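Novice: In case you want the letters, here they are:
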Amino acid sequence: MSLLRVEALSKKFGGVNAVEDLSFEIRPGAVYSIIGPNGAGKTTLLNLLTGVYQPSSGKIVFDGHDLTGRAPYEYASHGIARTFQNLQVFFNMSALENVMVGRYLKERCGLLSALLRAPRLARAERACREEAAELMRYVGLQDYLSTASDAMPYGALKRLEIARALATEPKLMLLDEPAAGLNPTEALELDDLIGRLTGRGVTVVLVEHNMRLVMGVSDHILVLDYGRKLAEGPALAVRSDPKVIEAYLGSDAAHDGSFAPEIASAVAAAVAMHR
Amino acid sequence: MLARLASPRTGGLLAFAAAIALLPLVLSNKYFYDIAILVGLNAIVCVGLNLLIGYAGQISLGHAGFFGLGAYGSAILASRFGWPPLAAMLATTAAVAALAFLVGRPILRLKGNYLAMATLGLGIIIFMVITTEDKYTGGPDGIAVVPFSLGGYVLQGERIWYWVVGALLLLAVWLALNLIESPAGRALRALHSSEVGAEVVGINAAEQKVMVFVISAVFAAFAGSLAAHYSGFITPSKVAFLHSIELVTMVVFGGMASIFGAVVGAAVLTTLPQLLAVFEDYEMMVFGAVMMGTMIFLPRGVVPSLARWLARWRT
Numbered sequence: 183m184s185l186l187r188v189e190a191l192s193k194k195f196g197g198v199n200a201v202e203d204l205s206f207e208i209r210p211g212a213v214y215s216i217i218g219p220n221g222a223g224k225t226t227l228l229n230l231l232t233g234v235y236q237p238s239s240g241k242i243v244f245d246g247h248d249l250t251g252r253a254p255y256e257y258a259s260h261g262i263a264r265t266f267q268n269l270q271v272f273f274n275m276s277a278l279e280n281v282m283v284g285r286y287l288k289e290r291c292g293l294l295s296a297l298l299r300a301p302r303l304a305r306a307e308r309a310c311r312e313e314a315a316e317l318m319r320y321v322g323l324q325d326y327l328s329t330a331s332d333a334m335p336y337g338a339l340k341r342l343e344i345a346r347a348l349a350t351e352p353k354l355m356l357l358d359e360p361a362a363g364l365n366p367t368e369a370l371e372l373d374d375l376i377g378r379l380t381g382r383g384v385t386v387v388l389v390e391h392n393m394r395l396v397m398g399v400s401d402h403i404l405v406l407d408y409g410r411k412l413a414e415g416p417a418l419a420v421r422s423d424p425k426v427i428e429a430y431l432g433s434d435a436a437h438d439g440s441f442a443p444e445i446a447s448a449v450a451a452a453v454a455m456h457r
Numbered sequence: 009m010l011a012r013l014a015s016p017r018t019g020g021l022l023a024f025a026a027a028i029a030l031l032p033l034v035l036s037n038k039y040f041y042d043i044a045i046l047v048g049l050n051a052i053v054c055v056g057l058n059l060l061i062g063y064a065g066q067i068s069l070g071h072a073g074f075f076g077l078g079a080y081g082s083a084i085l086a087s088r089f090g091w092p093p094l095a096a097m098l099a100t101t102a103a104v105a106a107l108a109f110l111v112g113r114p115i116l117r118l119k120g121n122y123l124a125m126a127t128l129g130l131g132i133i134i135f136m137v138i139t140t141e142d143k144y145t146g147g148p149d150g151i152a153v154v155p156f157s158l159g160g161y162v163l164q165g166e167r168i169w170y171w172v173v174g175a176l177l178l179l180a181v182w183l184a185l186n187l188i189e190s191p192a193g194r195a196l197r198a199l200h201s202s203e204v205g206a207e208v209v210g211i212n213a214a215e216q217k218v219m220v221f222v223i224s225a226v227f228a229a230f231a232g233s234l235a236a237h238y239s240g241f242i243t244p245s246k247v248a249f250l251h252s253i254e255l256v257t258m259v260v261f262g263g264m265a266s267i268f269g270a271v272v273g274a275a276v277l278t279t280l281p282q283l284l285a286v287f288e289d290y291e292m293m294v295f296g297a298v299m300m301g302t303m304i305f306l307p308r309g310v311v312p313s314l315a316r317w318l319a320r321w322r323t
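Respectively, the protein sequence lines represent chains A and B.
According to the numbering used here, the first sequence is numbered sequentially starting from 183.
According to the numbering used here, the second sequence is numbered sequentially starting from 9.
No false leads were mixed into what you were given.
Result set (DSBU-like, lysine-lysine): computed pairs, CA atoms no more than 30 Å apart in a straight line: (1) Lys241(A) to Lys425(A); (2) Lys411(A) to Lys353(A); (3) Lys194(A) to Lys119(B); (4) Lys241(A) to Lys411(A); (5) Lys425(A) to Lys194(A); (6) Lys119(B) to Lys288(A).
By construction, these hints were calculated from the structure, which means they are not laboratory data.
Values in this document were obtained by computation on a predicted structure and should not be read as measured data.
Using the sequences plus the hints, can you model the full thing?
Specialist: So this is what it looks like as structure tokens:
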């Protein structure tokens, strides 16, 4: 039933528990947001869910397969794709080639046919180029089809990572702060893009500080604090959860002075609206 | 059609084939032919090495070791054990591929300076084995190698060798260009730029690194075999650390991540010492100055820097 099941997941760095005894399930077709103050363990969790980090204990079951302890490329081959908060664009390639790399699993060929450029491969390459261009248009990058990736603005690079992740034809897509660093117009366009992703049948996990975006697109929200689950549930229920409000506005406002003021104001607005 | 001709694979390959075909017009004597053949042999090694260093971003300071294994393998099997040269060459290349595969798996986990140290160590071990196992290798004195022959036809003389090496270099360039423009080639460039970015789209970075390490070792071993048969004599100097450095320098000088850059690097750094002979005692000083000047004014290496200038000049 669930697409992703996380059981008692923990990750320790030295003596610090970045993620501690975390369990949750993600149903297919939904937008599942993970929020929490900086340092709450959100990015660590995404790294665990893609095999970039190995958990200290616990279990990750995706689509019926236990992927605990597997390498990142195995997570990818089972249908989990992601973007990065700090971009991991291949800056030594063109934008289009970046997306073509995303087709690797679908287009992979034997070494011999690569070296000899078998006719079948030449055809597959043309198709790959066409599909990559199509995906770039899909995420709104039609103006950058022949641009070197290191000549693109920041907002476009964020979309480029989404296109590259989409090229793997994922079942689950993890977006790590896709709105960070975008101007308000670009951030608004993200709502639409995330909506279209779920329309394609891709389940989305969204890690984000922009509460307007989170509240606008999420079906389900998980709130992390100090690596633990603070609250979880349908978006409406979570934003009126007293524990969440306290974590953001109450005593916890002191524990990390760096979280974005917009979170506080958004949650405050949500609370006001709810009451 | 015009666009296809302008692409590096089709257009570049045709231009390069024409250059190889026309070069003999200016090669007025055996000495020039000899240099051209040495350029070709070095270029084959550098094209393979550039796949590893320039494209995949993995350094190797031990490739003279693979070159030497290729040369000595052919020499020992063909000259001491009387194998047919082609069989000796193929067996040696296969053995080097197996060795590179076995050694590559553990050492390619290392990165940057640590990988440089490990490959340096590998090269030195191969050098030590070749210089000390003098029963088979002739030790520091080297070993004579029978000429290459196939079905009774003996391959001898600079002119014939020029065409053979030229054709094989063209083949090496073609294979490398194909690889780079394939999913595997893009995977190599991707993991060079961001290993984690490559892994999360499904690329097994460790496996791809080993693959390109093996390919580059095979290119080096094959060129080593050819060099042994061509010169008829092989000494450990070709296996030495200094030769590894020369090969890396050729790749960097010509241009990282540029197949034709590797060829240009091999050509310039092989011929320059001959051209600079007119400076007599100051030869090495001028050589060093040329190298420093090139890297200061063409920091990406000759071919990529010039290509960039040309692109800018056009727009």
